[in-house]
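Note that the protein sequences, when read in sequence, are chains Z and W.
When the count follows the working numbering, it moves up by one through the first sequence with no breaks and lands on 1071 for the last residue.
When the count follows the working numbering, it moves up by one through the second sequence with no breaks and lands on 509 for the last residue.
Source of the hints: derived by calculation from the structure; they are not laboratory data.
Note that the structure is a prediction, hence the values are computed from the model and not measured.
The hints are all genuine.
Straight-line Cα separation of at most 20 Å, EDC-like style, residue types lysine to aspartate or glutamate; simulated pairs:
id : chain 1 : residue 1 : chain 2 : residue 2
1  : W       : Lys111    : Z       : Asp1047
2  : W       : Lys101    : Z       : Glu829
3  : W       : Lys111    : Z       : Asp955
4  : W       : Lys478    : W       : Glu357
5  : Z       : Lys1061   : W       : Asp173
A short list of chain Z residues far from chain W (calculated; beta carbon distances all over 12 Å):
id : residue
6  : Leu736
7  : Lys738
8  : Asn756
9  : Gly823
10 : Ser828
11 : Leu860
12 : Asp865
Just so you know, even glycine gets a beta-carbon here, dropped at the ideal spot from N, CA and C.
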Amino acid sequence: MEKRDFSAVENDRFDLAKKAGEYGVSSAFLTSDLSNALFPESGLYLSDRLLSNSQQYLRSMIGEIESQLCLKATENLGIVHASIDEIGNGSMVYCYDHLRNAGLLNKSELLEHVFVQAQKVELTNRLLQKFSQEDLENSLASHLDHEDKNIAEAAMALLVSRNRSGFQIGQISCRLSNVPVEIYHDLVWSVTAAVQKISGCSEPKLLSAAELVLAEHDESQSSDNRAQRLAGLLDHAEASAAIPHPIKDGLELFLAHIALRSQLSANQLVIFTAEPNMARLVVVMRALGITENDALSIFTALDGSGNILTPASYKEISREQAIVMTDNWSKPTALQTAERKLSSNQPEIDG
Amino acid sequence: MASARNLAEPIKGRLDVDGRLVSADPLLLRLHLHSGGFEGGPLAIPQLANLCRLSRKLGMNLSRSVKAADDDNSLNLWVETRIEHGSDGGLSISIVDWKETPLSRNDNDDEQRQRDFDRLNARGMIRTDTALRITSISLPGKVRLSENSIGNALLDVFAVVKPSKPTLFTESIAERQPVRNHHVSLLLEPGSKYILSGQPLVDNLGVYSGYRFSVEKLNDESSDSGNPDSAKPSLISDSLFGAQLGPALRQPLGKIIANAETIGSQLEGPLRGDYASYAKDIAAAGRHLMDLVNDLSDLEAIERPEFTVAPDEIDLIDLAHRASGLLTVKAADHQIRVDLPDENDEMPAWGEFRRVLQILVNLLGNAIRYSPDGSVIKIRVDHNGDRTEISVSDQGDGIPKDDQHKIFDKFERLGRSGDGGSGLGLFISRRLAKAMDGSLTVKSAKGKGATFTLSLPSRTKKGSE
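Looking at chain W on its own, in the form it has when it is part of the complex (with noise of 0.2 Å):
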């Protein structure tokens, strides 16, 4: 909201002859600390600098509006200037209206806006003449074909393709329409589909100038799904949060995240104590969210009745040391360490790799967050019947008999809360593990820790068989 300070007497300063402030009021000497000047130091603040300059090479009195900025306010002023004539070559300003707004983002920063959230959404950009031969051309991976494009007439390097209609397209660029969401497909990749929209452009003389498109790879599932013959399994739901929200939250929270921590590390200069301290937070808040941005694309495909897993040959003692090595630096934070099966024993089994890694991240990561400081965490495999087990045991307070069939409940979090959880892990983990025609149980006591153990249908060794 925009602000002004009713001046009951004008804001006074004065400067020598060399452009140093010699005397200024409070608010003006605050301005002009806050520009980068120091007390009798030359004028700091740029605009008033500058007319103080342009009346001292006059010779000649100036009233002027002058811009500046002070913390996050734009400030017009209204400044008159005086020549001090017979002392010693002074100048006076008088500040006669003094007033403040809230700094706004200009279009260009806008521009900036709209080309980081193209580029974190994996969008390009296409800019054209007037007879719609590319003049720019930016598309995420492919930047020879940027090279080879440009001088070319659009159509010749894109074909609108079903369920667009090419004609509909060139009508609309024929009367210098925008374009909304035209799928075209790349003439030398014809099986790469993308989504085209574009707007006119005027020159300053109000002259017609070309387009602007943005340019959005459609992802195979989106673009497969109206065909039911090219259904095929596939972890990542293409509904609504798994297809679209999913990707678009997990792209701007990965900018946030490693811009955070850029800033909390302090690899770009020195920051206050406390401004670092926020910025882990903000990176410790976008890792949480990034989190439940994963379980929820996971929860919303596990639900799906045709959700299935492809069963790979796995090694779980394998998957146990590199569930540990993705949480080394978590555990050591807490100095907890992770007591592990021997690197180069075997324990085959039937399961999805990507999906048993997920489930064992899980557990351990729980086991860590549950953990006291300085504690052990033991992985064990062992055989059961025509199964094979894999166990994590931490050293925490444990579970108590009532809330073992809770926690593998959606959004259970047996009255927690702030610890970074979403309460969806175990839910999960557990329907992962049915689907792999396995199981995830948990044994604890009060006081005695957690056990949680995944089983999973036994494989024999490669040349055993």
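Chain Z extracted, bound-state conformation (with noise of 0.2 Å):
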């Protein structure tokens, strides 16, 4: 497929009383964006570069998605259009600033398996400062030889998956399998009638082309859905399992080993390591009963602001509160979201 071009710059020809137009309607919300800006309510540091990396995720996801539309629609559906066409093989992406105008982008799940995606490759490449590719790679290929052959598959699988993504320092973009479905339904529907306002194109073949994506999309070929299998046959089959480390592992299979161990989903792990201190996954390992000297091995591996952690700091933390503490972390979302919003002595956080 010829290589497309997902940057942010404008490709529109410049029309001095069209911005002017839009930006009389974008400018009202100046003053939120501002205040977001000036006045964040998460506690997360977001960097210029895990901005970048999250837009450039975005825009790459939604390009992916335009172009296998546009292309089953021509190839697999026979529709003729020129714009579909267009769409199927250029090398822009057009639904994308469609999308974002019309707040269909703005959604916490989307946004948040976007923030987790960059800072999975902020992660990544704080290993990959540490230690070689290689070196990541040998701890997972050594399972290829495992005496349970579906364990063996599981780690090929993984391993395939992981080359597949090809994550390379100072580059970002979308595997459209490991999107997660839910999410993937919803964009490739509004994509889709994108698509048609731009194109122009009423056909209900595009509806059918749709149909064809999502139905040809695999689950079974994500980078986390193959980790999280992996971690269990893993667990399951050695009673006494080792410690996870990341760089031992690699970041997906670690991850899948503590969310397996504490309950906890994989996105929320990821989240807790862009938090400051990590505190939130130091805790969860303390639950877990993993010893000072694995856990300051692992903070370091994955820490990229100089943090130190102590053992004594480590030890500090009471095992039984951080065992409640993370049972707390693993209740479905939307009771802990409800939880916060009803306590009286927190204030109200939207979203």
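Hey, can you piece these two chains together into the complex? The hints should help.
Written out as structure tokens, the structure reads:
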């Protein structure tokens, strides 16, 4: 497939009157943008690199979906339409601005997924600064010889999936099979509507093309999914399962192991790594009974800000309290949100 | 122990457009049936059915971990769904991993169990907020107190009393430390004594949110045990078994017997025949253990040097009728008739009412146990000088002369076992009779039944004094 341009550069012809009209609408949101920038509520520091990666990932995701949709429409369903053909084979991202302006990208599940992907790139980059890609893959490759053929097969699947994802320093792109199905389902229909609008194509076959795109999405190809399966098999096969480590297991398998043992989701754990001092991840490690040496090593491997976790501060955390806290974080998100909002001691935080 | 089925081939199944399981490999079919489904019916495995519904709703193939339960195992499955396009709208299921783990109790069960044990042991529970104000309280037998205490500070309801130190208690609370075994008293009931233990709580933000206390009533025997002046004759020993193990065992045993009898009697619904029979076995074993616990408590009590009984004015005929009434069902089970003296007569004597009744129940219980079905047990009363006697005669096999002195020994069963006896009843009865200035003797011959006679000091009838 032709290399596509996911950059944020505007490709429309410069039309001052059109722009003036658009800014007339958009500037009404100036204060809310400034408010969010000046008074962030999450306590997480969103670096320029992370914001840039997030936007790049989102554009990449929209670009891949619109391309797949239009190629299916033209090649599989025989739609003949110049704009559909251009979108399918073009190098630009066509629907992004339309979707953004319509507020269709401003959804918490989608944005959380985007943030998690950007943070995973950040974490992978941190690991690659300390260890080589080859070192990171060696441990995973050792499972290929596992006597349990299901484990060997799952390890191979993860290795293949990880190589396909092909994270490289400074680059981020979306592999659609890694997009959770619920988000993907929503986006495919949003993109279909945008393509209809942009192209003026109202053929029902475009909707059939969207159904085909959805039907061909295979959740089992996702790296997270494969890591989750491998972690489950390994934990089950080895009663005294070894302590997970991002260097030894690779990021996905490490997250899947910790997620499985703590009953948290891998996404939650990634968000924990973006929080100041990775405090919640440290608490989770304490709850799981990870020794201070292992915890310090994991912390150092994942940290990118020169923070230090000392044995004393780690051991100072009460294990019982850590278990209770971890257990609370593993409750359904809707319940946690409701509890937070109902708590009279806490300020109301939206989202 | 966890186990995994190494699936050479994935386990397959297929749902039609309405979600009915139209074909399935044997393992999947078995799980479906065990989950309450039927052949050709809607898929009955909850999480798997949800996954299939989501797959169909989105029109997408899914690949996820699914949890299920089968008998005593928790199942972790890795399931892939495939939408079948172009056919009848079916959905195929492929289970690629199948792992079984014995079901374990979750924390909620443990909490529930803890609450059950708290109730069984007559323990209460108190929850407080961060300012140690009571937010919920449950004290056995103190409903009104529970209602009136909520919102009050814990230390406005309870006072820390000796031997515990109030400062130590408040310091522990201030430092958010667990508190254990502090003696407290209800301010509204100055004589009352409780043991208070508690754990600090944290909320889902990791912030201290108060305490959860368990409250255990301190009974009079144990609370007074350190004070010799307050020592008074007690039938139940304040030593290890009588005061501590005995009650701790009786309460759960009572619960086991009650539940087993409820199950066995099928009061809450029909049950497979052999299960009902097992429940009756459990109840019988529970009753046997309960008897043993009672006997051991008594044994411990009567072997103490300071053991005494309180002489009451008793009527042996009245007691004979009461003992017989307690064992009516047991006698009826064996078609045994108990022949009693005329209820309108009186046979006054001196003895402790409860202990004499205990001896008579023991003698009558033994007589029923060792009498042939359909026989008659006679209870007779008589005067013998300054003594009043009551005898229980059965038509059993009798006791050989050589064994007659042995049956009053501790744990002597004369080689019998499995009949529900502990071998302590007659030993305890004779010791009790002696403590009441009386005696317990036996007359018997092999094959001619046995007659046990309890002799107590006579008392003149009221009105004839």
